[in-house]
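With the hints as your guide, set chains B and C onto chain A.
Residue numbers (the numbering used here), protein chains in the order written: chain A, 59 to 326; chain B, 59 to 326; chain C, 59 to 326.
No wet-lab data here; the hints were simulated from the structure. Some hints could be false.
FRET-style restraints, in silico, Cβ to Cβ [to be verified]:
hint	chain 1	residue 1	chain 2	residue 2	range
1	B	Asp326	C	Lys62	40 to 46 Å
2	A	Asn234	C	Gln293	42 to 48 Å
3	C	Lys226	B	Thr159	43 to 49 Å
4	B	Asn180	C	Glu170	35 to 41 Å
5	C	Asp326	A	Arg243	51 to 57 Å
6	B	Arg144	A	Asn180	25 to 31 Å
Below, a sample of chain B positions facing chain A; criterion: calculated Cβ distance under 10 Å [claimed, not checked]:
hint	residue
7	Asn87
8	Glu110
9	Leu135
10	Gly225
11	Val303
12	Leu305
13	Val309
14	Ala310
15	Pro314
16	Ala315
17	Gln319
18	Gly320
All values reported here derive from a predicted model rather than from experimental measurement. Virtual Cβ for every residue (Gly too), placed ideally from N, Cα, C.
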Amino acid sequence: MLDKIAEILLELRKKQPLVHHITNYVTVNDCANMTLAIGASPVMADDIGEVEEMVSFASSLVINMGTLNGRTIESMLVAGKKARERGIPIIFDPVGVGATTLRTATAKRIIEEVGPTVIRGNMSEIKILAGLGGEIKGVDSVAGEEDRVEVARELSQRLSCVVAITGKQDVVVQGNRICRIDNGRPVLSRVTGTGCMATSLIGCFCGVTTDCFVGTVAGIVTMGLAGEMAEGSLQTGESVGAFRVGLFDRVAEMTPAILKQGGKVYED
Amino acid sequence: MLDKIAEILLELRKKQPLVHHITNYVTVNDCANMTLAIGASPVMADDIGEVEEMVSFASSLVINMGTLNGRTIESMLVAGKKARERGIPIIFDPVGVGATTLRTATAKRIIEEVGPTVIRGNMSEIKILAGLGGEIKGVDSVAGEEDRVEVARELSQRLSCVVAITGKQDVVVQGNRICRIDNGRPVLSRVTGTGCMATSLIGCFCGVTTDCFVGTVAGIVTMGLAGEMAEGSLQTGESVGAFRVGLFDRVAEMTPAILKQGGKVYED
Amino acid sequence: MLDKIAEILLELRKKQPLVHHITNYVTVNDCANMTLAIGASPVMADDIGEVEEMVSFASSLVINMGTLNGRTIESMLVAGKKARERGIPIIFDPVGVGATTLRTATAKRIIEEVGPTVIRGNMSEIKILAGLGGEIKGVDSVAGEEDRVEVARELSQRLSCVVAITGKQDVVVQGNRICRIDNGRPVLSRVTGTGCMATSLIGCFCGVTTDCFVGTVAGIVTMGLAGEMAEGSLQTGESVGAFRVGLFDRVAEMTPAILKQGGKVYED
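Extracted from the complex, chain A is given alone in its bound form:
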């Protein structure tokens, strides 16, 4: 798996795929800089009058509903359908699904009307999506490792897409393929948007590979490993501010060799 990821990284840096984002205004700058750091090209455009055209020359589409509103929801759907029609990967980050009726309804529409290629969320977000299908029993009470895989697998199989749950340990599932990733550090959750940035990295990798299962693992392991290295480089007195700067440094300087040496990826 790490060998494949290393190859995709080289491919990414050669092809510099254009990754179209319709995303939130909180972390949009970080997502653009992370996309550039790994070697891809970001474009952020959300007006309904241009998203179809913009998607038409993108290599992948990231839909992040962090600060959704009536105007951008329609743009997400239109852009998503166009991406689907073109067959480019659609990476969906259902930020805060379950928190409000609007978010849950929007996620449902994106799943049903667009059909994402990859869905990345935290455990509570993915549980909500799994529950939407009404087929998961006792979702709210589960918490263990095996349950996490089970939730991801059921959602993946029902929607025929890659499902990634990020957290202390990350899990990526596509049908019967399962991968666990043990990179990352708790400090990542003390910086806003590290989840969004991981989603953007997945968009970058999936922009140059037809195997979005591997592309998703690649994005998550890159973020986690960059987090470990950035934390390791902190000097006395430095904290979340310097860590955040280091994240971009480490992603920009990521190499196949570093990935192969530091990636903690376990396929079942």
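Same frame as chain A, now just chains B and C:
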């Protein structure tokens, strides 16, 4: 006062209050990261279709009108009324009030229809708000220290809320309670959003205390002290860029002991 | 030329011009911080209900269409006309023109209905604008240095404005005045928004000079020189993240002496 602030900081870190922001797109990322740095949880949501629900499980609401528009003004009012109904603190940052008719009219609506718990602004913003009531004489000509307290006190008493004026010396007033804060450095005004971030910190502290006068002082002293320490840590050649990174480091590493030792807080 | 630029920098720091931006939500924070770093005052406001008033006390207006939408396009036009009426410089950054019909149509409207004082873009954006007039032959096939000057000159003469093309070597043209700038480093293109920030710096300099040709060169040389110095200060292991922080440090610490010593400006 510093003892109380130190206690609230511990409480904040234990409870990790959810602070709902309806804020501007210029400094929203900084506000989210500052909220995380102090130990609280940010959520940014501004669609009228979800703000009431989002407010319903927040510990406090920050309304910042930095880049207000027709759509978000309505969301601010709806969210504010819900927050009022629930009795959670509403922190209002009237960015640029007085600069345009729209800003002045919006601030007036928020004050009248919502009723903020805390208002934080610079001297010229608070003067405008004080003048809206038509009860301050010669507001435009005042400049001295005593006048500043007087302006804050009149506004506080008229609106029955906490009023904070930040600047070279900060003043926080609630009715007859007055507190002056002498932390901070001029360089804070060379980074965009330090006022917005102070407002967010107030939202964090007020999310875990029923005494919003103390919560407001806590937010301001934290920001000022972090500014002093971040400036003190700059190395040769470093300037506003490194200072800004250091601000987040220092807020994340703030402790009750640092606050008690470095806070310059004077109650009248 | 460098002597004039040095003088304008001193003037800028003395007058602290207010630079009104209607810009994108990706890099807006960077533009505000860059405006502060050089010594000017940023204001970001885009609601149609207030942009005319805000423009009325600004020293210059920056229109950046990076994340344009139906609502903000109208605000750009209204603000632009007001700025034109007042005779303050209008700096237009036609981000992504040519990529979508909406962007091309919007740029056309801004050019025809507003009439910018300065247009700054990369080669492909300026070529598109030049082509809109239907007077450039074989635009798509040109690539060389002389062609770049030719494209800029034709556009400048047709629109009677300053035209700047930034890239490996930058070119600024106003009628028959031509200036080439050799500062900058490739790493600038690995950080999002360095083009937007250059446009903001142009807005700052043009806010205190009647010679917008010199003001435009000043903004570009400041950005390029800051990029060189920031790259030169990187330590082992540091990359785009630290570079970005350094950019703000270097602009904030820019002096007439540094500009005169490091600026590589060639007038034809």
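Hint-by-hint comparison with the structure:
1. B:Asp326 <-> C:Lys62: 40 to 46 Å: violated (53 Å)
2. A:Asn234 <-> C:Gln293: 42 to 48 Å: This hint holds: roughly 47 Å between Cβ atoms.
3. C:Lys226 <-> B:Thr159: 43 to 49 Å: holds (47 Å)
4. B:Asn180 <-> C:Glu170: 35 to 41 Å: Distance hint for Asn180 of chain B, Glu170 of chain C holds at roughly 40 Å.
5. C:Asp326 <-> A:Arg243: 51 to 57 Å: holds (54 Å)
6. B:Arg144 <-> A:Asn180: 25 to 31 Å: holds (26 Å)
7. Asn87: holds (6 Å)
8. Glu110: holds (9 Å)
9. Leu135: Since chain A brings no Cβ nearer than about 16 Å to Leu135 of chain B, farther than 10 Å, the hint is violated.
10. Gly225: Where the cut-off is 10 Å and the nearest Cβ of chain A is about 25 Å from Gly225 of chain B, the hint is violated.
11. Val303: Given a least distance of 4 Å, the restraint on Val303 of chain B holds.
12. Leu305: holds (7 Å)
13. Val309: Because about 8 Å separates Val309 of chain B from the closest Cβ in chain A, which is inside the 10 Å limit, the hint holds.
14. Ala310: Check passed: Cβ of Ala310 of chain B comes within 4 Å of chain A, closer than 10 Å.
15. Pro314: For Pro314 of chain B, the interface hint is violated, since the closest Cβ of chain A sits about 17 Å away, which is over 10 Å.
16. Ala315: With a minimum Cβ separation of about 15 Å from chain A (threshold 10 Å), the hint on Ala315 of chain B is violated.
17. Gln319: With a minimum Cβ separation of about 16 Å from chain A (threshold 10 Å), the hint on Gln319 of chain B is violated.
18. Gly320: Constraint on Gly320 of chain B not satisfied, violated at 15 Å.
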